[in-house]
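Chemist: The primary structure of each chain is shown beneath.
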Amino acid sequence: MNSKKTNTDKFYQVKHEYLGRSVVTIFGIMLILITITMVLFLFSKGIKTFTQNHIPIKDFLFSTAWMPGREEAQGGPAVGALIFIIGSVFISGLALLISTPFSVALAIFMTQISPSFGKKLLQPIIEIFVGIPSVVYGWIGLSVLVPFLRHQIGGLGFSLLAGSLVLSVMIFPTITTVAADSLSIIPDDYKEASYALGATRWQTIRKIIFPSALPGILTGVVLGLARAFGEALAVQMVIGNTIRIPGSILDSTVNLTSIITMDMGNTAMGTTWNNALWSMALLLLIISFIFIFIIHRIGRKGSTSA
Amino acid sequence: MTKCKPFVIALILVLSLSVALVGCSSNTQPTPAPAASGPSGSATAVGSSALQPLAEKAAEMFMEKNKNAKVQVQGGGSGTGLTQVAQGGADIGNSDVFAAEKLPADQAGTLVDHKVCVVGFATVVNPEVKVDSLTGKQLIDIFTGKITNWKDVGGQDLKIVILNRPASSGTRATFKKYALNGAEEATGQALTEDSSGAIKKALSDTKGSISYLALSYVDNSVKALKYDGVEATVANITSGKYPIWSYEHMYTKGEAKGVAKDFIEFIMSDAFKSTITQMGYIPNSEMKVTRDK
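From first to last, the protein sequence lines stand for chains B and H.
Letter by letter, the first sequence follows residues 1 to 306 of my numbering.
Letter by letter, the second sequence follows residues 1 to 293 of my numbering.
Be aware that a few hints might be false.
Stated by the list, open to error - Rough simulated footprint, nothing fancy, chain B against chain H, three-plus residues with beta-carbon under 8 Å: (1) 77-83; (2) 94-104; (3) 166-179; (4) 188-200.
Source of the hints: derived by calculation from the structure; they are not laboratory data.
These numbers come from a predicted model, not from an experiment.
Quick reminder that beta carbons are idealized off the backbone N, C-alpha and C, glycines included.
Model the full assembly from the supplied sequences, consistent with the hints where possible.
Modeler: Next comes the structure, spelled out in structure tokens:
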């Protein structure tokens, strides 16, 4: 790849080719190493519930019995995580249901209907949303949303609905940004061909642009879901953390991230209780791997059909 | 041939970087100061967030007096504190509960307990609740879910909302042990808040709510209840009339030594007593009753 002239001057090559390349390579390798060691660490911690405490995986995933501090005399600790898993699924799922229509509509508006307004005003506003720390969302949820739900709708305010509403605000920038990106790269030829056939702008958007951008939009939705699953602080502040499967969206409930943050510092390492929390962290990681896998599948499908 | 060179260079750079990092970390090790008057060196205290404010204040005053000594105080929870001190990661492990309640017996046995002060807890309710005193029996019935309306304990017709701390919290463990006689709380009913501050906020906002707080957190935004007719005051705790209190512990692995020993001695000294009282804790020396588990 190099000419013969530079090849003879070893020092020249080191300076102009290898130095930069090595630095970049090192950072790349380090990042990969960090990722691998973190996954391995989490894995080695997370499986202790099953290898050391001999809790069957089936019980951990499908049992609702959460009595991690129970004495040996009364049957020993029970660490069924089903309640937390269901809580996470319900809260994130509802957040996605609330957030997706808004986000996709906003993305269509800012890329197709009013691009200049979208770029100048909406884009910066969405970026501000991304920058707000999650504790602020949680605090606003606790001080405004929870009392509002309590007085206007009923119940205690601390509820699955409150958690989902807070989350839906938090994930909408992710979905909107990714969806807008995929909408804006649709070639103008598509639009023009549609207009030439006499379609209105809305018909063009609905029949041509939206279907073409669908893989990108779905990627945004899955990314939003992944974010919702992993969010801890803001949700924990408004869902009430009652360890039960919610009977309605106005009931308080609990999720994986909340129970981890609440109990991690207060339990001693090596106990079944602490190990079960690590297993939940591992479960969260596996779930996010699944989401990433789905995103890749969507991306591949999109590129082959286009 | 040229292909493997960048890799070799990369390897060399990584190695040198790691050597440099190791070098750095060994530099930060405290170098023993030349013999001066007073203690020198450093100690870390990790754990209980309930004890943290007091420990931080003590560290500040201790370092003011002993310029050569450095004490670092960190939170993280009682479980973290006990684990860290048992594994040698910290010199002092702060805990709200006895080590034997959190750690396996073989680990708890290696730790030495220093009871530095006492914390009292009060049963607290939303200010609108028209009840002033609860008996131990009523309290147990409320927290186990047998009584669900305030009218059953002499109050107005209002649903009782239980606010709990997480099951692993030291405050909850203390309350369960001394106020509820160890009765298992009803599951799936209580709301749970992560910190005493969050409990206080939720309590003042939620009608009919009941919870428990360390006395240092109790103020006008909540209403403290009497326990069996006895008010939660310092005088009633020290005389043994009011039972809901616990020790704050500082654990060391083996006997305390070095700065850790001097620091613990400072916290338990007469000079620090007034600060303990000021910050809402109770000095050990004022207690007329003791407990050993």
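Chemist: Compare the structure with each hint and give your call.
Modeler: Verification of the hints:
1. Closer than 8 Å: that is the beta-carbon criterion, and the region 77-83 of chain H has 6 residues meeting it against chain B, so the requirement of 3 holds.
2. Check result for the region 94-104 of chain H against chain B: holds, 3 residues qualifying (beta carbon to beta carbon below 8 Å, three or more required).
3. Only when three residues or more bring their CB closer than 8 Å to a CB of chain B does the claim for the region 166-179 of chain H stand; here the count is 5, and the claim holds.
4. For the region 188-200 of chain H, the stated coverage by chain B holds: 8 residues have a C-beta nearer than 8 Å to a C-beta of that chain, and at least 3 were required.
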